[in-house]
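Undergrad: Going down the list, the protein sequences come from chains S and W. Residue numbers for the first sequence follow this note's numbering, so the first one is 1 and each next one is one higher. Residue numbers for the second sequence follow this note's numbering, so the first one is 1 and each next one is one higher.
It should be emphasised that the hints constitute simulated quantities derived from the structure, not laboratory data. Certain hints may be false.
Unchecked claim - Pairs of lysine to aspartate or glutamate, DMTMM-like flavour, derived with a Cα cap of 20 Å:
| hint | chain 1 | residue 1 | chain 2 | residue 2 |
| --- | --- | --- | --- | --- |
| 1 | W | Lys249 | W | Asp239 |
| 2 | W | Lys328 | S | Glu248 |
| 3 | W | Lys249 | W | Asp211 |
| 4 | S | Lys249 | S | Asp232 |
| 5 | W | Lys328 | W | Asp310 |
| 6 | W | Lys328 | S | Glu73 |
| 7 | S | Lys297 | W | Asp121 |
| 8 | S | Lys297 | S | Asp376 |
| 9 | W | Lys249 | W | Asp233 |
| 10 | W | Lys297 | W | Asp211 |
| 11 | W | Lys297 | S | Glu53 |
| 12 | S | Lys249 | S | Asp211 |
There are 2 protein chains.
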Amino acid sequence: MTTPPVSFTLVASAGAARAGVLTTPHGAVPTPAFMAVATLGGLKGPSVQQAEELGQGVILGNTYHLALRPGAERVRRLGGLHRFCGWRGPMLTDSGGYQVFSLAANRTISDEGVAFRNHLDGGKLMLTPEESVRIQRLLGADIIMAFDECPAAESDRAYVEACNRRTALWLARSVTAWRAAGDYGGAAEQALYAIVQGGLHRDLRQASLADALTHDLPGYAIGGLSVGESADDRNRVLDWVCPLMPVEKPRYLMGVGTPLDLVEGVARGIDQFDCVLPTRMGRHGMAYTDHGPLRLKRQEFADDAAPIDDTPSQAARVSRGYLNHLLKSGEILGGVLLSLHNLAYYRRLMARMRAAIRAGRFAAFADTFRATYRDDRPHDQRPGRDADPDRVERPAEIPE
Amino acid sequence: MTTPPVSFTLVASAGAARAGVLTTPHGAVPTPAFMAVATLGGLKGPSVQQAEELGQGVILGNTYHLALRPGAERVRRLGGLHRFCGWRGPMLTDSGGYQVFSLAANRTISDEGVAFRNHLDGGKLMLTPEESVRIQRLLGADIIMAFDECPAAESDRAYVEACNRRTALWLARSVTAWRAAGDYGGAAEQALYAIVQGGLHRDLRQASLADALTHDLPGYAIGGLSVGESADDRNRVLDWVCPLMPVEKPRYLMGVGTPLDLVEGVARGIDQFDCVLPTRMGRHGMAYTDHGPLRLKRQEFADDAAPIDDTPSQAARVSRGYLNHLLKSGEILGGVLLSLHNLAYYRRLMARMRAAIRAGRFAAFADTFRATYRDDRPHDQRPGRDADPDRVERPAEIPE
Numbered sequence: 001m002t003t004p005p006v007s008f009t010l011v012a013s014a015g016a017a018r019a020g021v022l023t024t025p026h027g028a029v030p031t032p033a034f035m036a037v038a039t040l041g042g043l044k045g046p047s048v049q050q051a052e053e054l055g056q057g058v059i060l061g062n063t064y065h066l067a068l069r070p071g072a073e074r075v076r077r078l079g080g081l082h083r084f085c086g087w088r089g090p091m092l093t094d095s096g097g098y099q100v101f102s103l104a105a106n107r108t109i110s111d112e113g114v115a116f117r118n119h120l121d122g123g124k125l126m127l128t129p130e131e132s133v134r135i136q137r138l139l140g141a142d143i144i145m146a147f148d149e150c151p152a153a154e155s156d157r158a159y160v161e162a163c164n165r166r167t168a169l170w171l172a173r174s175v176t177a178w179r180a181a182g183d184y185g186g187a188a189e190q191a192l193y194a195i196v197q198g199g200l201h202r203d204l205r206q207a208s209l210a211d212a213l214t215h216d217l218p219g220y221a222i223g224g225l226s227v228g229e230s231a232d233d234r235n236r237v238l239d240w241v242c243p244l245m246p247v248e249k250p251r252y253l254m255g256v257g258t259p260l261d262l263v264e265g266v267a268r269g270i271d272q273f274d275c276v277l278p279t280r281m282g283r284h285g286m287a288y289t290d291h292g293p294l295r296l297k298r299q300e301f302a303d304d305a306a307p308i309d310d311t312p313s314q315a316a317r318v319s320r321g322y323l324n325h326l327l328k329s330g331e332i333l334g335g336v337l338l339s340l341h342n343l344a345y346y347r348r349l350m351a352r353m354r355a356a357i358r359a360g361r362f363a364a365f366a367d368t369f370r371a372t373y374r375d376d377r378p379h380d381q382r383p384g385r386d387a388d389p390d391r392v393e394r395p396a397e398i399p400e
Numbered sequence: 001m002t003t004p005p006v007s008f009t010l011v012a013s014a015g016a017a018r019a020g021v022l023t024t025p026h027g028a029v030p031t032p033a034f035m036a037v038a039t040l041g042g043l044k045g046p047s048v049q050q051a052e053e054l055g056q057g058v059i060l061g062n063t064y065h066l067a068l069r070p071g072a073e074r075v076r077r078l079g080g081l082h083r084f085c086g087w088r089g090p091m092l093t094d095s096g097g098y099q100v101f102s103l104a105a106n107r108t109i110s111d112e113g114v115a116f117r118n119h120l121d122g123g124k125l126m127l128t129p130e131e132s133v134r135i136q137r138l139l140g141a142d143i144i145m146a147f148d149e150c151p152a153a154e155s156d157r158a159y160v161e162a163c164n165r166r167t168a169l170w171l172a173r174s175v176t177a178w179r180a181a182g183d184y185g186g187a188a189e190q191a192l193y194a195i196v197q198g199g200l201h202r203d204l205r206q207a208s209l210a211d212a213l214t215h216d217l218p219g220y221a222i223g224g225l226s227v228g229e230s231a232d233d234r235n236r237v238l239d240w241v242c243p244l245m246p247v248e249k250p251r252y253l254m255g256v257g258t259p260l261d262l263v264e265g266v267a268r269g270i271d272q273f274d275c276v277l278p279t280r281m282g283r284h285g286m287a288y289t290d291h292g293p294l295r296l297k298r299q300e301f302a303d304d305a306a307p308i309d310d311t312p313s314q315a316a317r318v319s320r321g322y323l324n325h326l327l328k329s330g331e332i333l334g335g336v337l338l339s340l341h342n343l344a345y346y347r348r349l350m351a352r353m354r355a356a357i358r359a360g361r362f363a364a365f366a367d368t369f370r371a372t373y374r375d376d377r378p379h380d381q382r383p384g385r386d387a388d389p390d391r392v393e394r395p396a397e398i399p400e
């Protein structure tokens, strides 16, 4: 057995919160880490160079969407996903399991896998554990995810149980397919993470975790959140699951979330996060700060000479008034600058949490953050992960 | 009289082509120079930092559009146009005279000035020479332009004569308003350039230039081109006008053009250019090269592993195949990367021409360029300057 391609070192902890280092073939990143979403292999505005400059650690591509367009074989011919999009750092690909939830109207599920009627041209795409691993090997990310079945928050217990059963079945097949390529992914040097499902049921969450732990894998993810549940429900799931996860392996909370969600996740022991919010909400004119999101298109910012906050990013060079002007004028640059700010804000928030953990003052940091962060949007206006980028990702208010 | 805020030094010439240095309060730029268009104070995708990194010399804001949104007083309150948009280098503002042509359906002209029914909400905006200078002083660019009347290419001789008369009248009033602020723009340290009109009539062009030269100004521009005329007609106008322009003053050809147009302009003695093409056509999926524009959305590029060409820019890190994928997927990043490539290509083309002039081999450079550059688009698909950004600037094929 060769050296694992991805390894995790715990550096410090404070209560359940953990600071570590995640080492991959494309570099090491400090954790807790926020991974930026590049669904189709691009951050939708910011360039990879800009992402590098702001210290972005990991970016995440999407198997389902890339398989449809431009196609995994094409990405492979063009050198793999790293070379394709020009990203030199660590990368993760998701398995397509999330689309079982987000594209529920367009798929049929069997034990074999999921047949999608694709959202672009209505053609068929069959995803199985084996096919998902095969596609992810072609893409070549450092971390790949097992294919799972993700139930919506409002699912009844019987469906969540069925999802657990298939997730376990598909995990075993994902592991076999991954191991077939050699130890730890062989030539591709990829690490496979399992995904824990189980909805909002304590026993089903713990059963799913127990099953995942029968496979000795480089990392474990918690899926099936950011699918319509409340923040309290989500945090409760973390309280059930995290204490039972192995200390020495990285823990990835999929599709989460707002800055406050990240603080709550770190407080419960999560090491890795991903979410479309920083870039999507940036394109919609929203800038995240310690005091909550600023909706910069509002008239109150038109004469505001201050920068968004003290986050260093390319947006820090201009005022809220200028950003207000760009957003009101429909200039692409407005959304790009806010995306850069938000990515920089998220990265720095993770760094601040890591420093607080190492200094043994994370509890105080989290308490202060909870007290100052305010988001008065109704819950249903807080979009979670990326479902169908062609449907969801076009902000009505930023015409270009 | 104080030191002029903007000065020009001729470094070398080769035939009519000139290499120089344009010095402004915000730095010196080598000429010939291409100025990037930031109509509303932003480059529509690229950030000012990205523009700096690729060596962009001057950027250009638009008086008419900025007066409407966000308003010149607001820009002033937020620190002037430099601080507003974060640009630290030289800047030029256009006078609004071009909108006399481009928004012809929405304005009435008298000797007093031009009353626009504005394209955003139908409100009134009255531009006079005095008001244009006042707005440009509030914006605070290094170089400001006299208010003029720009006729379309197909105008009859009588209308071009009328435009010449008003352009002369308005230039005298622009100069008076500018001088009233003190020598060379006083506290604002701005340089005023005159604009030569005269359509496609040799005598009217030369009469307009003669009138402009009665004022001793820091620079002289040729306007009324890129308004529907052929490249041959445009080059003929330059052949008439350039030899009569003062050697020691910078010469600015407004709204031009394609890479080949720039070569033809430099060959005739032009020092400064501006055009929306690099960013607008970038957003439309077109990358400029020495061999003409590449339409990267075409299927032939889907598996092309080569970069666009050897221009150093953030787009050089990825392949034509990746750019094809971004453009086909409607990802903002595609247009941003092509805009960056095009701006870098234009900047480098100017630098290559300058080097050729200094080395005494410009004629050979221009001949080679003419022989290799190919653009098979019909003339009416080659847009010129920015008319109404809210109408023209939304590319149908790039949905976000």
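Undergrad: Would the pair W/Lys249 and W/Asp239 pass a check requiring their Cα atoms to be no farther apart than 20 Å?
TA: holds, 17 Å
Undergrad: Does the structure keep S/Lys297 and W/Asp121 at a Cα separation of 20 Å or less?
TA: holds, 18 Å
Undergrad: If you draw a straight line from the CA of W/Lys328 to the CA of W/Asp310, is it 20 Å or shorter?
TA: violated, 23 Å
Undergrad: Need the status of pair W/Lys328, S/Glu73: alpha-carbon distance at most 20 Å?
TA: holds, 17 Å
Undergrad: Can you confirm whether the C-alpha distance between S/Lys249 and S/Asp211 stays at or below 20 Å?
TA: Holds. S/Lys249 to S/Asp211 sits at ~16 Å (cutoff 20 Å).
Undergrad: Quickly compare the C-alpha distance for S/Lys297 and S/Asp376 to 20 Å and report which way the hint goes.
TA: Roughly 16 Å between the alpha carbons, so the hint for S/Lys297 and S/Asp376 holds.
Undergrad: Given the hint that W/Lys328 pairs with S/Glu248, test it: the Cα-Cα distance must not exceed 20 Å.
TA: Distance ~43 Å between W/Lys328 and S/Glu248 Cα, so the pair is violated.
Undergrad: Just to be careful, I want the Cα atoms of W/Lys297 and S/Glu53 compared with a cutoff of 20 Å; is the pair within it?
TA: Outside the cut-off at roughly 28 Å; violated.
Undergrad: Straight-line Cα separation of W/Lys297 and W/Asp211 no greater than 20 Å?
TA: Roughly 48 Å between the alpha carbons, so the hint for W/Lys297 and W/Asp211 is violated.
Undergrad: Does W/Asp211 sit within 20 Å of W/Lys249, going by the straight-line distance between their CA atoms?
TA: holds, 16 Å
Undergrad: Under the criterion that the straight-line Cα-Cα distance not exceed 20 Å, is the pair W/Lys249, W/Asp233 satisfied?
TA: Judged against 20 Å, a Cα distance of about 24 Å means the pair is violated.
Undergrad: Given the hint that S/Lys249 pairs with S/Asp232, test it: the Cα-Cα distance must not exceed 20 Å.
TA: violated, 25 Å
Checked against the numbered hints given earlier, the structure breaks hints 2, 4, 5, 9, 10 and 11 and satisfies all the rest.
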